Amino acid sequence: MLIYIKVNINLFKVIKIYLYKYTKSFLRSKGSMKRLKIAFIHAVCAFLIFSTVFMTGCGKNTDDNDGNTYVFATWAAGEELKEFQEIIDRINNEANGDFYIKTLSIPSDYYIKISTYVAGKKTPDFFWLTQELISKYASMGVIADITDEFKASTEINPDTFYPGVLASAEYDCKYYGVPWIANPLIVYYNRDLFREAGVDFPDPLGGWTWDEFIDVASKLTVKKTDSNGNQYQQYGYIVDGWPNIETFIWAGGGDIVGENGKDILIDSHETLKGLGILQKILKSGITPKYSEVASLGSNNVWFEKQRAAMFMGGIQDNFEEKISKLPEEERFEIGYAPMPVCADGKPHGFDWTASTVMSKKLEGDKKAFMILEKITKEFFKWKIAPPIKGTVEQIVEIDPLKEPALPTIKICLENARSANYTPEWNEINDKLWNRIYSKMLNDPDFDYETEAKAVAREAREIMDKRK
Amino acid sequence: MKKRKKGKNIGFLFVLPWVTGMCLFGVVPLVASVFISMTDWGILGDFNYIGLQNYIDIFNDEIFYVSLWVTVRYAIFAVPLTICTALLIAVFLNIQTKAVGFFRSVFYMPSLVSGVAVAVVFKWILDPNYGLINSVLNIFGIKGPNWLFDPNWVLPSYLVMAFWGACGGYLTYLAALKDIPKELYEAAKIEGAGFIKRTTKITVPLLSPIIFYNTIMGIISAFRKFSDAYVLGGAGDEGRFYMVNLYQEAFSFYKMGYATALAWILFVIIMDITIVLNITKKYWVYSD
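In the order they appear, the protein sequences are chains A and B. Taking numbering that gives the first Met the number 0, the leading residue of the first sequence gets 0, the next gets one more, and so forth. Taking numbering that gives the first Met the number 0, the leading residue of the second sequence gets 0, the next gets one more, and so forth.
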């Protein structure tokens with residue numbers, strides 16, 4: 000900082016001398032053209048001097064870490080940020096000056112700001128990263144390989160994590176982050192509507208197939224009359240781009256990218272079978288039209304307002320709290336079931352997870368990893384669900400309203416999975432959405448097979464470009 | 000003489016900060032972007048020089064043509080629509096009536112509102128089930144289209160927004176209309192020219208310089224369409240405007256080099272259109 004100030008004081012002296020000489024030479028010159036030339040030359044010189052002033056500011060030591068202070072970037076805001084800060088404050092107090100964690104809250108445009116920080120060589124020491132981007136950031140050399148420290152850790156060893164969650168933090172057989180949350184999909188259903196329709200509740204331990212699911216949803220898709228005598232349509236289920244396309248692809252036994260992270264499986268027989276399940280749902284009339292969903296705001300509102308009898312959401316979705324705050328006559332009893340089983344007989348629901356990653360500059364830094372361990376262990380007590388095997392009961396301590404769902408949540412956690420992410424994931428996913436999923440939503444008769452083959456071909460071209 | 004010299008010196012000094020800022024935040028990034036467009040820079044990592052590979056990839060990318068066509072098609076309809084609308088409103092607001100000041104304020108309001116805010120409101124207006132437009136059509140027994148959810152109605156959805164926004168563009172036309180000598184209209188009236196003839200033979204030709212300027216600005220604006228398109232999107236790829244695609248390539252796919260190349264191609268396209276318009280200017284733009 001002192002060096003920066005000193006350099007700039009000297010520069011200002013130079014500027015002062017320069018301006019004096021400039022005005023002197025300008026006054027002496029004769030003829031307007033000559034003056035214009037001098038003015039132009041001096042303007043360029045002034046620009047160079049001024050830009051040097053700015054560059055000294057930009058080029059100062061970018062490593063803000065004085066050895067003790069670590070910056071932790073998070074997308075948390077509002078109440079979540081308050082809770083996050085409490086955790087950080089607690090860890091800082093326990094550290095006794097050994098280290099200090101500073102919070103960097105980025106509540107909007109999180110990834111754009113993170114990538115700007117990275118481009119400006121000011122990568123936060125720790126930051127949250129969603130599973131889809133871990134392979135991208137790892138391949139670009141932004142985040143630290145923590146494999147050795149992670150495997151050697153006695154506090155948060157990889158063997159204790161659910162395999163489906165842990166895989167999301169892996170790239171090229173190395174670990175690049177520590178997952179701090181598992182949020183698998185679960186089927187929420189309206190027990191009151193099930194009773195009204197005379198439909199048996201699904202088994203909370205699962206086992207139902209996608210055909211059985213569609214059959215149940217069909218029985219719950221009926222025309223009803225409200226208290227004002229107006230007719231409305233109740234649907235058995237709702238799909239509007241959520242759940243994601245992976246859910247249906249996995250249902251058929253297919254996948255988008257193979258386990259090796261290289262093979263494109265979008266046009267495989269199993270994937271097309273999975274897309275066929277999606278088409279069956281869309282054509283069966285058990286879900287509102289895509290154009291109709293936004294009329295109530297968002298898809299979860301359909302479930303809350305009892306317009307859809309079943310909803311596939313994360314275990315973290317707080318329907319219990321929302322419904323408890325509704326007027327008595329609008330409340331209903333929530334039931335829980337695992338996702339319908341996939342081709343292998345298991346309910347492989349999508350598991351949303353995020354990891355805390357370390358900046359590349361901290362690679363091999365044992366102290367930094369120790370801080371990461373401390374923070375992650377605190378997160379396990381904060382959010383549901385902790386991605387650690389054998390901690391399902393902890394969910395009730397964090398959110399008591401989830402107690403009735405515990406047996407189902409246990410099944411979901413054990414079987415949920417993430418996709419096989421690659422650095423090219425966003426591009427491939429964009430094609431899946433624009434060329435297949437959104438077209439199927441708008442036109443249930445859409446020829447998804449032909450399009451899937453075209454998308455698969457383009458996805459392979461994208462993968463081939465990887466050096 | 001000495002005072003004039005001093006004044007000029009002070010003038011240069013006053014302009015210097017702006018010139019410096021323009022160079023630093025305009026010229027330098029512009030020059031840097033030429034280099035970036037020839038690299039594989041993905042924001043996150045280092046970059047490698049790859050020559051014209053980004054440009055080759057762009058011309059082999061189907062999405063480039065899709066987004067370009069969506070944008071060109073929008074420009075073809077939106078630019079004449081906005082010009083005609085603004086011109087018509089200016090003509091009516093040029094008539095001296097009691098409440099003309101009020102109407103001038105009301106019609107200017109669209110240009111004061113942020114693009115994102117407009118998009119959010121139009122998301123409701125264009126809702127297929129409970130939106131304003133379809134609700135009004137419902138009163139007359141007409142079933143409205145699915146607007147942004149129907150690929151065939153995405154372009155009309157954006158044209159509706161363009162039509163609404165065109166109202167605020169009347170100001171330049173109104174100013175130009177005030178400059179047209181009244182004697183010309185009086186002479187034309189004496190000669191027996193009706194309203195249409197006066198408009199086509201006097202008003203439009205004398206407004207042609209402003210129309211020319213607004214055409215160029217309208218084309219630039221149409222090709223740079225981003226904020227409302229980013230918020231609203233559109234069924235399938237129908238809402239994938241060029242700038243939306245560029246933004247996605249840069250910030251979702253982490254291909255800043257590729258996105259910069261897209262930006263330069265856009266610049267060349269707009270420049271070419273502007274040059275063509277300038278060449279044709281002599282055939283239809285009135286000048287003294």
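Because the hints were derived from the structure by calculation, they are not lab data. Be a bit skeptical, because a hint or two may be false.
If you want the footprint, here are the derived chain A segments under chain B, 3+ residues with CB under 8 Å [unchecked claim]:
1. 66-75
2. 159-173
3. 182-194
4. 223-233
Straight-line distance between alpha carbons at most 20 Å, and here's what the computed PhoX-like set of lysine-lysine pairs gives [what the hints assert, rightly or not]:
5. B:K188 <-> B:K177
6. A:K288 <-> B:K181
7. A:K288 <-> B:K122
8. A:K373 <-> A:K388
Note that the coordinates shown come from a computational prediction; the quantities given were computed from them, not determined experimentally. By construction, the Cβ of each residue, glycine as well, lies at the ideal position given by its N, Cα and C atoms.
Exercise. How does the coverage statement for the stretch 182-194 of chain A fare against chain B, requiring three or more residues with Cβ below 8 Å from a Cβ of that chain?
Worked result: violated (count 0)
Exercise. Three or more residues of the stretch 223-233 of chain A near chain B by CB distance under 8 Å?
Worked result: violated (count 0)
Exercise. Holds or violated: are the alpha carbons of K373 of chain A and K388 of chain A at most 20 Å from each other?
Worked result: Holds, at about 18 Å.
Exercise. Hey, K288 of chain A versus K181 of chain B, does the alpha-carbon distance stay inside 20 Å?
Worked result: Roughly 58 Å between the alpha carbons, so the hint for K288 of chain A and K181 of chain B is violated.
For this session: Examine the stretch 66-75 of chain A: at least three residues should have C-beta closer than 8 Å to a C-beta of chain B.
Result: Violated, because only 0 residues of the stretch 66-75 of chain A bring their Cβ atoms closer than 8 Å to Cβ atoms of chain B.
Exercise. Are the Cα atoms of K188 of chain B and K177 of chain B separated by 20 Å or less?
Worked result: Distance of about 18 Å is within 20 Å: holds.
For this session: Below or equal to 20 Å on CA atoms is what counts here, so check K288 of chain A against K122 of chain B.
Result: holds (17 Å)
For this session: Count the residues of the stretch 159-173 of chain A whose CB lies closer than 8 Å to any CB of chain B, then report whether that count reaches three.
Result: Coverage by chain B is violated here, the residue count being 0 at a Cβ distance below 8 Å.
This entry does not satisfy hints 1, 2, 3, 4 and 6, going by the numbered hints stated previously.
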